[in-house]
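Chains as they are written, first to last, in my numbering: chain F, 3 to 417; chain G, 3 to 417.
Note that these hints are calculated values from the structure, not bench results. Take these hints with a grain of salt, some might be off.
Same chains, same names: a pair is fine if it fits in one copy or spans any two.
As the list claims (entries may be wrong) - Below, simulated DSSO-like cross-link-like pairs (lysine-lysine); rule was C-alpha separation at most 30 Å, straight line:
#1 Lys116 / Lys395
#2 Lys263 / Lys395
#3 Lys178 / Lys60
#4 Lys263 / Lys363
#5 Lys99 / Lys363
#6 Lys99 / Lys395
#7 Lys99 / Lys178
#8 Lys116 / Lys99
#9 Lys166 / Lys56
#10 Lys377 / Lys178
#11 Lys363 / Lys395
#12 Lys363 / Lys60
#13 Lys233 / Lys166
#14 Lys116 / Lys263
2 protein chains.
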Amino acid sequence: MIGEIIAIGDELISGRIANTTSGFAARHLFAAGHDIYAMHTIGDNPRLIGEVLKRAIKRVDFVLVTGGLGSTTDDMTNEAVAEALHRSPTLHSDILKRIREHLGHDHAPGNLEKMAWLPRGAEPLNDKARMAGYLLVHDGVPIFFLPGVPYQMRELLQAHVLPKLAGWKGNHHRVKQRVYRTFGLPETVINNRLLDLEQQNSVHVGYYPVGCEVHVSLTVLEENRQAAEEKFIAADQTITRALGDALYGIDQESLPSVVGKLLLQGNRQLSVAESCTGGLIGKRLTEVAGSSDWFAGGVIAYSNHLKEILLGVDRDLLANYGAVSEQVALAMAARLSERIQTDMTVSVTGIAGPGGGSEEKPVGTVYIGLLHQNKVSAQLYHFTGNRSRIREKTACTALDTVRRALLFDSEKEDF
Amino acid sequence: MIGEIIAIGDELISGRIANTTSGFAARHLFAAGHDIYAMHTIGDNPRLIGEVLKRAIKRVDFVLVTGGLGSTTDDMTNEAVAEALHRSPTLHSDILKRIREHLGHDHAPGNLEKMAWLPRGAEPLNDKARMAGYLLVHDGVPIFFLPGVPYQMRELLQAHVLPKLAGWKGNHHRVKQRVYRTFGLPETVINNRLLDLEQQNSVHVGYYPVGCEVHVSLTVLEENRQAAEEKFIAADQTITRALGDALYGIDQESLPSVVGKLLLQGNRQLSVAESCTGGLIGKRLTEVAGSSDWFAGGVIAYSNHLKEILLGVDRDLLANYGAVSEQVALAMAARLSERIQTDMTVSVTGIAGPGGGSEEKPVGTVYIGLLHQNKVSAQLYHFTGNRSRIREKTACTALDTVRRALLFDSEKEDF
Numbered sequence: 003m004i005g006e007i008i009a010i011g012d013e014l015i016s017g018r019i020a021n022t023t024s025g026f027a028a029r030h031l032f033a034a035g036h037d038i039y040a041m042h043t044i045g046d047n048p049r050l051i052g053e054v055l056k057r058a059i060k061r062v063d064f065v066l067v068t069g070g071l072g073s074t075t076d077d078m079t080n081e082a083v084a085e086a087l088h089r090s091p092t093l094h095s096d097i098l099k100r101i102r103e104h105l106g107h108d109h110a111p112g113n114l115e116k117m118a119w120l121p122r123g124a125e126p127l128n129d130k131a132r133m134a135g136y137l138l139v140h141d142g143v144p145i146f147f148l149p150g151v152p153y154q155m156r157e158l159l160q161a162h163v164l165p166k167l168a169g170w171k172g173n174h175h176r177v178k179q180r181v182y183r184t185f186g187l188p189e190t191v192i193n194n195r196l197l198d199l200e201q202q203n204s205v206h207v208g209y210y211p212v213g214c215e216v217h218v219s220l221t222v223l224e225e226n227r228q229a230a231e232e233k234f235i236a237a238d239q240t241i242t243r244a245l246g247d248a249l250y251g252i253d254q255e256s257l258p259s260v261v262g263k264l265l266l267q268g269n270r271q272l273s274v275a276e277s278c279t280g281g282l283i284g285k286r287l288t289e290v291a292g293s294s295d296w297f298a299g300g301v302i303a304y305s306n307h308l309k310e311i312l313l314g315v316d317r318d319l320l321a322n323y324g325a326v327s328e329q330v331a332l333a334m335a336a337r338l339s340e341r342i343q344t345d346m347t348v349s350v351t352g353i354a355g356p357g358g359g360s361e362e363k364p365v366g367t368v369y370i371g372l373l374h375q376n377k378v379s380a381q382l383y384h385f386t387g388n389r390s391r392i393r394e395k396t397a398c399t400a401l402d403t404v405r406r407a408l409l410f411d412s413e414k415e416d417f
Numbered sequence: 003m004i005g006e007i008i009a010i011g012d013e014l015i016s017g018r019i020a021n022t023t024s025g026f027a028a029r030h031l032f033a034a035g036h037d038i039y040a041m042h043t044i045g046d047n048p049r050l051i052g053e054v055l056k057r058a059i060k061r062v063d064f065v066l067v068t069g070g071l072g073s074t075t076d077d078m079t080n081e082a083v084a085e086a087l088h089r090s091p092t093l094h095s096d097i098l099k100r101i102r103e104h105l106g107h108d109h110a111p112g113n114l115e116k117m118a119w120l121p122r123g124a125e126p127l128n129d130k131a132r133m134a135g136y137l138l139v140h141d142g143v144p145i146f147f148l149p150g151v152p153y154q155m156r157e158l159l160q161a162h163v164l165p166k167l168a169g170w171k172g173n174h175h176r177v178k179q180r181v182y183r184t185f186g187l188p189e190t191v192i193n194n195r196l197l198d199l200e201q202q203n204s205v206h207v208g209y210y211p212v213g214c215e216v217h218v219s220l221t222v223l224e225e226n227r228q229a230a231e232e233k234f235i236a237a238d239q240t241i242t243r244a245l246g247d248a249l250y251g252i253d254q255e256s257l258p259s260v261v262g263k264l265l266l267q268g269n270r271q272l273s274v275a276e277s278c279t280g281g282l283i284g285k286r287l288t289e290v291a292g293s294s295d296w297f298a299g300g301v302i303a304y305s306n307h308l309k310e311i312l313l314g315v316d317r318d319l320l321a322n323y324g325a326v327s328e329q330v331a332l333a334m335a336a337r338l339s340e341r342i343q344t345d346m347t348v349s350v351t352g353i354a355g356p357g358g359g360s361e362e363k364p365v366g367t368v369y370i371g372l373l374h375q376n377k378v379s380a381q382l383y384h385f386t387g388n389r390s391r392i393r394e395k396t397a398c399t400a401l402d403t404v405r406r407a408l409l410f411d412s413e414k415e416d417f
């Protein structure tokens with residue numbers, strides 16, 4: 003199907019907030035086999051909202067509208083749509099009730115009611131009051147209205163919009179798709195390895211750098227179910243082979259969730275000793291629900307004092323080699339593991355910048371240590387980029403170090 | 003002046019490449035006192051390019067078009083513009099000559115000539131051949147055509163577009179703006195407090211939820227410099243009063259950077275004892291460059307074992323009250339502080355979900371403890387949302403707890 007995306011919000015046209023939702027939606031709609039005709043970003047301007055929406059309805063098969071559904075006076079999408087499409091605002095008392103329940107009775111300022119007045123014919127997408135969002139079918143064209151708040155928009159797009167469009171009348175394509183998540187190979191190298199596959203009819207390959215990772219999407223679009231299935235299996239094999247062990251997961255798997263799965267399989271507990279990442283590795287591991295089954299915790303040893311007191315790193319070692327050294331990375335992993343008796347400990351110590359660099363150890367110098375099967379090792383890295391990028395690369399590399407060590411174990415067990 | 007931005011490229015509407023240039027342009031144009039009426043992203047589709055461009059020319063004072071100026075077959079902007087505005091393509095032999103010089107004689111594929119054929123009336127912006135880009139004034143409306151390559155677009159925008167618009171006849175506005183960052187007040191409450199201000203002429207107030215925070219933007223647009231200044235000062239006072247101590251920072255300040263500033267002023271070192279946030283608080287604090295001056299580190303005590311071994315929380319306390327309890331939050335802060343001798347320690351223990359909740363302690367139950375000036379206290383919270391939201395709210399609230407304690411100190415010192 004062919005669609006248009008309309009993002010609404012004064013904060014977007016002033017450039018104060020980057021519009022990340024339209025690109026996200028386009029990517030997922032495209033991956034699901036749809037084409038985007040145009041994307042518009044406009045302010046909270048009722049006349050223009052109506053004008054852009056009416057034009058879109060005339061020329062495409064579906065429309066996605068994000069933003070302007072909130073409770074403040076500058077949110078005007080519902081009023082604009084009611085006016086432009088001649089669908090008078092209708093009170094959804096169930097929504098109002100849920101908003102009130104959600105916020106408690108003491109706390110329901112009058113203007114929250116605004117969120118419960120939707121254009122006539124609107125079908126709310128979600129029965130949780132805190133998330134606005136509805137479908138309106140006008141002249142046979144489905145128009146999805148989603149909140150501009152990125153995480154809400156993403157959740158509703160994936161849970162409601164994509165499934166509804168996949169089942170829409172007139173949409174006959176069979177789509178098979180998969181996302182391959184990789185760490186460790188540059189996008190251009192992956193691209194070169196998959197050039198032949200890209201040339202095939204009805205096979206579409208996309209490359210998306212996401213943080214330190216590269217995600218590869220495969221979409222097969224065929225009218226015939228069996229043809230789709232066969233093409234997909236062949237393409238999947240080609241991609242899996244091309245990516246090798248840089249491929250860490252499929253679809254929704256994340257690097258920390260894969261690390262967790264491998265730890266559980268090996269019946270191991272992981273701990274962390276973090277310096278320059280300051281908690282980022284622990285944060286990413288504990289994003290995974292149920293991580294307490296395989297993650298114990300650890301120490302944020304940001305100062306040298308804490309490296310001594312909490313980790314038990316020898317003061318002389320710190321004085322002789324410096325906090326950012328192979329010796330200290332090894333000691334951080336070994337001492338913490340002794341102290342708390344976990345099976346695996348990963349340690350990082352490095353210079354994230356912007357200050358703290360020297361000729362001998364420039365910004366981006368990072369040591370990653372690993373205690374695993376009673377052996378301790380450390381590896382030196384030179385990362386580039388700003389403070390945030392260096393910390394992110396350090397965290398990803400530390401997670402991938404754990405993943406590869408666990409993979410290697412499980413491969414050995416296979417023999 | 004009021005303008006529209008049109009970004010052209012198939013790679014943008016498939017979401018394969020994020021459109022960062024439009025947001026960049028909007029931000030710089032807005033900061034220079036212009037308003038953006040709408041931004042469009044469309045594919046390399048000549049008919050649509052013409053249609054969107056002609057509509058924009060009719061309703062705004064200037065138009066910025068990016069992308070599709072290159073030499074490959076899918077670059078169609080020049081042809082589309084020539085056709086839509088009835089301005090036949092004209093060869094700019096000087097451009098062609100410079101392209102050839104720049105690339106050397108061996109390397110001038112036929113289609114590079116394409117870049118030298120511009121719509122009649124086009125004035126190239128830049129005399130370096132490698133950068134396409136021109137100004138076309140049509141029906142009195144300046145239309146700037148820039149390359150889609152981000153760094154080229156940015157360079158030409160700043161070096162040519164902004165200066166040309168600043169000197170354009172009919173442009174007289176003065177702009178003053180500021181962003182107010184708050185934590186702790188719902189968007190609707192802030193909105194209610196600022197309703198009167200919103201009604202004032204030439205004052206524009208925007209509300210933006212960003213994570214757990216609400217940012218309020220103030221923009222004053224006046225023809226007269228002194229009037230702009232006076233309105234801005236008055237509005238700034240109104241907003242500052244209305245936000246009270248929920249206002250933590252201005253413009254680029256972040257909650258962790260403000261906490262750091264207050265710690266430095268009070269000559270204090272902070273440490274953290276994190277359970278359900280798993281390192282998130284440490285991660286946010288160490289995002290701030292120079293955080294080692296006021297942040298020592300701490301413990302990620304995710305398991306009960308680590309709460310005992312690394313923090314020294316009494317085993318009986320954990321057994322009698324449970325890990326998520328006021329008693330344990332107090333002990334986590336107190337024991338860590340004793341052990342590592344920092345002035346301030348913030349502790350968190352809670353149930354981020356989705357599992358682990360009970361009737362007595364449902365998902366979202368969080369205790370935040372604080373050791374400060376040798377006194378330890380703890381506060382119970384009930385946060386809502388998914389795992390990620392609960393952790394984010396916990397981290398923000400912990401940071402704000404530290405901020406408020408430090409603010410209170412500095413206010414006492416004033417007396």
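Against the structure, the hints come out as follows:
1. Taking the shortest Cα distances, Lys116 and Lys395 sit within 30 Å of each other only across copies (26 Å), while inside one copy they are farther apart (44 Å).
2. In this assembly of identical chains, Lys263 and Lys395 lie within 30 Å of each other by CA distance both inside one copy and across copies; the values are 22 Å within and 27 Å between.
3. In this assembly of identical chains, Lys178 and Lys60 lie within 30 Å of each other by CA distance solely inside one copy; the values are 29 Å within and 40 Å between copies.
4. In this assembly of identical chains, the alpha carbons of Lys263 and Lys363 lie at most 30 Å apart only when taken from different copies (28 Å versus 36 Å within one copy).
5. In this homomeric assembly, Lys99 and Lys363 come within 30 Å of each other (Cα to Cα) only across copies, at 25 Å, whereas the closest approach inside a single copy is 60 Å.
6. Only between protomers do Lys99 and Lys395 lie at most 30 Å apart by alpha-carbon distance; the minimum there is 25 Å, versus 46 Å within a single protomer.
7. Proximity of Lys99 and Lys178 under a CA criterion of 30 Å is satisfied in neither setting, with 40 Å inside one chain copy and 41 Å between copies.
8. In this assembly of identical chains, Lys116 and Lys99 lie within 30 Å of each other by CA distance solely inside one copy; the values are 13 Å within and 62 Å between copies.
9. Taking CA atoms no more than 30 Å apart as the test, Lys166 paired with Lys56 passes inside one copy only; the shortest distance there is 22 Å, against 35 Å between copies.
10. Within a single copy, Lys377 and Lys178 get their C-alpha atoms no closer than 44 Å, and across copies no closer than 60 Å, so neither meets the 30 Å cut-off.
11. Taking identical chains as interchangeable, the C-alpha atoms of Lys363 and Lys395 lie at most 30 Å apart only when both belong to the same chain, with a minimum of 17 Å there against 37 Å between chains.
12. With identical chains, the CA atoms of Lys363 and Lys60 are never at most 30 Å apart, being 61 Å at best within one copy and 53 Å at best between copies.
13. In the homo-oligomer, the alpha carbons of Lys233 and Lys166 lie at most 30 Å apart inside one protomer (25 Å), although the nearest pairing across protomers, at 49 Å, exceeds that limit.
14. Taking the closest pair of Cα atoms, Lys116 and Lys263 never come within 30 Å of each other, the shortest separation being 45 Å inside a single copy and 40 Å across copies.
When held up to the earlier numbered hints, the structure conflicts with 7, 10, 12 and 14 and fits the remainder.
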